[in-house]
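Start from the sequences, fold in the hints, and give me the full structure.
Take a look at the letters that make up each chain.
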Amino acid sequence: MSTRHILLGLLARGPSHGYDLKRRHDERFPQARPLAYGQVYTTLQRLVRDGLAEVDATEADSGPERTVYRSTDEGARELAEWAGGIAPPAPFVTNEIFAKLVVSILADGDPAAYLRAQRAAHMERMRELTAVKTAPGADLSTVLSADYALNHLDADLRWMNTTAARLTNLTAEVDPA
Amino acid sequence: MSTLANDLRLAFLLTQGSDRREWWRVTLTALGAALATGLGLAAAVLASLQGRYQVPVADGLLNNPGQRSGVILTLLLLLVPVLGFLGQCARVGAVHRDRRLAGLRLAGASVGQVRRIAALETGIACLIGSLVVTVFFVLSLLREWRSPSALAWAGIALVSLGVPALGALVSVLALRRVVASPLGWVRRVGPRTGRGPQWVLLGAMALLVLVALVAVASTYMDMPDNTFKAAPLTLFAVLLVVGAGAVLLSGAVAKLTGKVLAGRAGNPAVLIAAERLRQDPWAAARTHAAVLMGTVVGSGFIGVRATLLADIAKYDYLTDRADFYTAGLNLTATAIVVGFAITFAALAVGTAESLATRRRGLAAQVAAGVPYEVLGRALILETALPLVPSLLLAGAGGTGIAFAYAMAMAGTSVLPFGALLVPVVAFGACLLAAATSLPLLRRTVRPGELRYA
Amino acid sequence: MSENHPGPVPLLAARGLVKAHGRTRALRGASLELREGEILAVTGASGSGKSTLLHCLAGIARPDEGSVTYAGERLDQLPEKRLSALRRTDFGVVFQFGQLIPELTAVDNVALPLLLAGTGRGEARARAGEWLERFGVRGQEEQRPGELSGGQAQRVSLARALVTGPRVVFADEPTGALDSLASEQVMAALVHTARESGTSVLLITHDAQTAAYADREVTLEDGVVVSEAEAPLGVSR
Numbered sequence: 001m002s003t004r005h006i007l008l009g010l011l012a013r014g015p016s017h018g019y020d021l022k023r024r025h026d027e028r029f030p031q032a033r034p035l036a037y038g039q040v041y042t043t044l045q046r047l048v049r050d051g052l053a054e055v056d057a058t059e060a061d062s063g064p065e066r067t068v069y070r071s072t073d074e075g076a077r078e079l080a081e082w083a084g085g086i087a088p089p090a091p092f093v094t095n096e097i098f099a100k101l102v103v104s105i106l107a108d109g110d111p112a113a114y115l116r117a118q119r120a121a122h123m124e125r126m127r128e129l130t131a132v133k134t135a136p137g138a139d140l141s142t143v144l145s146a147d148y149a150l151n152h153l154d155a156d157l158r159w160m161n162t163t164a165a166r167l168t169n170l171t172a173e174v175d176p177a
Numbered sequence: 178m179s180t181l182a183n184d185l186r187l188a189f190l191l192t193q194g195s196d197r198r199e200w201w202r203v204t205l206t207a208l209g210a211a212l213a214t215g216l217g218l219a220a221a222v223l224a225s226l227q228g229r230y231q232v233p234v235a236d237g238l239l240n241n242p243g244q245r246s247g248v249i250l251t252l253l254l255l256l257v258p259v260l261g262f263l264g265q266c267a268r269v270g271a272v273h274r275d276r277r278l279a280g281l282r283l284a285g286a287s288v289g290q291v292r293r294i295a296a297l298e299t300g301i302a303c304l305i306g307s308l309v310v311t312v313f314f315v316l317s318l319l320r321e322w323r324s325p326s327a328l329a330w331a332g333i334a335l336v337s338l339g340v341p342a343l344g345a346l347v348s349v350l351a352l353r354r355v356v357a358s359p360l361g362w363v364r365r366v367g368p369r370t371g372r373g374p375q376w377v378l379l380g381a382m383a384l385l386v387l388v389a390l391v392a393v394a395s396t397y398m399d400m401p402d403n404t405f406k407a408a409p410l411t412l413f414a415v416l417l418v419v420g421a422g423a424v425l426l427s428g429a430v431a432k433l434t435g436k437v438l439a440g441r442a443g444n445p446a447v448l449i450a451a452e453r454l455r456q457d458p459w460a461a462a463r464t465h466a467a468v469l470m471g472t473v474v475g476s477g478f479i480g481v482r483a484t485l486l487a488d489i490a491k492y493d494y495l496t497d498r499a500d501f502y503t504a505g506l507n508l509t510a511t512a513i514v515v516g517f518a519i520t521f522a523a524l525a526v527g528t529a530e531s532l533a534t535r536r537r538g539l540a541a542q543v544a545a546g547v548p549y550e551v552l553g554r555a556l557i558l559e560t561a562l563p564l565v566p567s568l569l570l571a572g573a574g575g576t577g578i579a580f581a582y583a584m585a586m587a588g589t590s591v592l593p594f595g596a597l598l599v600p601v602v603a604f605g606a607c608l609l610a611a612a613t614s615l616p617l618l619r620r621t622v623r624p625g626e627l628r629y630a
Numbered sequence: 631m632s633e634n635h636p637g638p639v640p641l642l643a644a645r646g647l648v649k650a651h652g653r654t655r656a657l658r659g660a661s662l663e664l665r666e667g668e669i670l671a672v673t674g675a676s677g678s679g680k681s682t683l684l685h686c687l688a689g690i691a692r693p694d695e696g697s698v699t700y701a702g703e704r705l706d707q708l709p710e711k712r713l714s715a716l717r718r719t720d721f722g723v724v725f726q727f728g729q730l731i732p733e734l735t736a737v738d739n740v741a742l743p744l745l746l747a748g749t750g751r752g753e754a755r756a757r758a759g760e761w762l763e764r765f766g767v768r769g770q771e772e773q774r775p776g777e778l779s780g781g782q783a784q785r786v787s788l789a790r791a792l793v794t795g796p797r798v799v800f801a802d803e804p805t806g807a808l809d810s811l812a813s814e815q816v817m818a819a820l821v822h823t824a825r826e827s828g829t830s831v832l833l834i835t836h837d838a839q840t841a842a843y844a845d846r847e848v849t850l851e852d853g854v855v856v857s858e859a860e861a862p863l864g865v866s867r
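As given, the protein sequences belong to chains E, B and W, one line each in that order.
Numbered per this note's numbering, the first sequence spans residues 1 to 177.
Numbered per this note's numbering, the second sequence spans residues 178 to 630.
Numbered per this note's numbering, the third sequence spans residues 631 to 867.
Don't read these hints as lab results, they were simulated from the structure.
Backbone N, C-alpha and C define an ideal beta-carbon position, used for all residues, glycine too.
FRET-style restraints, in silico, Cβ to Cβ: (1) HIS836(W) with GLY280(B): 20 to 30 angstroms; (2) ASP108(E) with SER810(W): 35 to 45 angstroms; (3) GLY652(W) with GLY605(B): 37 to 47 angstroms; (4) ARG653(W) with VAL312(B): 35 to 45 angstroms; (5) ARG655(W) with ASP110(E): 22 to 32 angstroms; (6) ALA561(B) with LEU140(E): 47 to 57 angstroms.
Next comes the structure, spelled out in structure tokens:
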């Protein structure tokens, strides 16, 4: 996930300061990991350094000083290029569950017990997300992001089910002794 | 020839692995074909005789061409309920067969190939039924008639091979829509109107009437008296018109009854029955056609019988040969009763088949708490509702014929009120025939049916 | 069994159910509890006995052994007439498809349980219409099931199951034949209504996303209910 492009996107609607950007990000992308305040500032500074954003004004009406940023033409071009480009479909398979299984077999652990516990945890999370999306008054962004996560968890679950059925074969392959 | 052998093998394989109900269809089709062949053979052999003969059966009734033509006509008329029975049998397991044939098309079979396979399935069933009957018929014929004429032999061959050929042809005609598209009726939106089999049935009946007329005309060739010749033909035509009217009325009334009742029924059984009628009013008319024809013929016959019996008692020259005349009347009565029996069997088969086809849906209704009694009542009402008005018409028509005949022949001395009983009895018998499938409702509608998606 | 009872006596309880279809034993001692107002998902591989369990719990089939208790009454011992009446008044059923009468219009299908209970035609149709409207099947009241899309037909089925205000709804793969959007609409309609009216739901599904609508999930394995944490996931033992 490219934080700099998301911030550039949020700036596309007009100049904004760091705190406002964080708030709008968390609102627009519910269920995503909330942006850290510090991360927003470092990213903004990098954008300025690369000429994609610039300081619009500095406000200090009451309380702490606030720097307002806006996107440059270069930033708009970069954003359009990123938004139109495809996200590489799974360039590297990072599968923590699979890694844990293999390690568990190598270290003579109980991979089946691990899979059961993982499945239960997945189901629990799916119930939570379903409750979030079916809660009265849930907006479409919430429903869609919950759906995204639900579909991924569902895919994990299905993978775990087929893997559980083939665990004996996997054990023989990983640990031929 | 090798393609035929190949198709034959495919047809055999498919039938072997098929549903139990398809075996029911094959068995019932063979039975229907056997009945049709039997009637056809008798008619053919009788039609091959010309002029006076000494026929050693039925009290000399078959000796004269005049009476013989009446018997031929009766035999051919009996083919009408047999055709109805065959039509019902063709529907047993029809959905499965349609799916299977559509599957064959999907698997790459050509239109012609699927047609041949379908024709072979039905044709072979009919051939078995027809051959069994032909063998028995010929054996018993040779005991009475040492050397049948060439014409009789030709007639026998024509009937015994014609029945299976016709059966195959009809099955191809009935399946023409399934065969046209590989997807067939795999997906059905709404109930079909079933117009196809209806036309096939009507065509077959028209053919039958034509054959009957030719047969009757040929046996009358030696008869000099022209007025006598016209009488049975006129009677036949009137019967046909009244019967056809009753069938048409049956469909129209089913539609109207369905519409009126569906709008206001507060009773669930009536509502279900009414909506089924509204959806497919001609299904009822088709099923009841033979009942209605039978009712017209039956009540008409009672009038003729009462008049004739009165005449026999009145005139000495008739009383001398009372045996001969009563034998004729009894034979006709038997024919009518047999016709009714076949018709009611067809009705029972039709109701059972309609239940079997819907058994999963019905099981779901029972699971949802709809009582068996409500479903059973709906089933009976489906038969009863459209039948009442058309049976009234058929009964009135038949009784009218009976009274007209009685008055024309014997004045007002004999009034055949017995004719009025026929529609009542027919109605009761129809309800009984439909009710025979009620035990089936409890047996087939089980939660086990819910298990298959 | 790992049930811990937060509530009082369960509304519906099965103990040691055994049921055979011919030679295959679909249930081999399944036990289960459904609490008042609870949505319980029963998952498991195909052939694990899920549907048979539902049939026994809903009084559609009788178990060969074991007991089914509903509100203090032994369902497995009730005569068929009482069971049928109970299914009309206290239970609602939703199957994958097939529970709508093809000849009846959508609104008449929903009104049918009310008609069976003796409600007049006009009132029954009016109440059925309200349910259809609530489930977003508007303008299709007079269409027949064959003319509805899968999702619409399933929402009509749901309305039919709920129209009498049942205490328990039994749903057997209610979304089995639907795409994900239609599934979501059907499940949302079911869950909202159940929560609002405190109806218990026994939801049979092989789909994790559908099961996630439930409060709790149990898994069926070879005709035995294994609680979620112990689900062996088809591991060859």
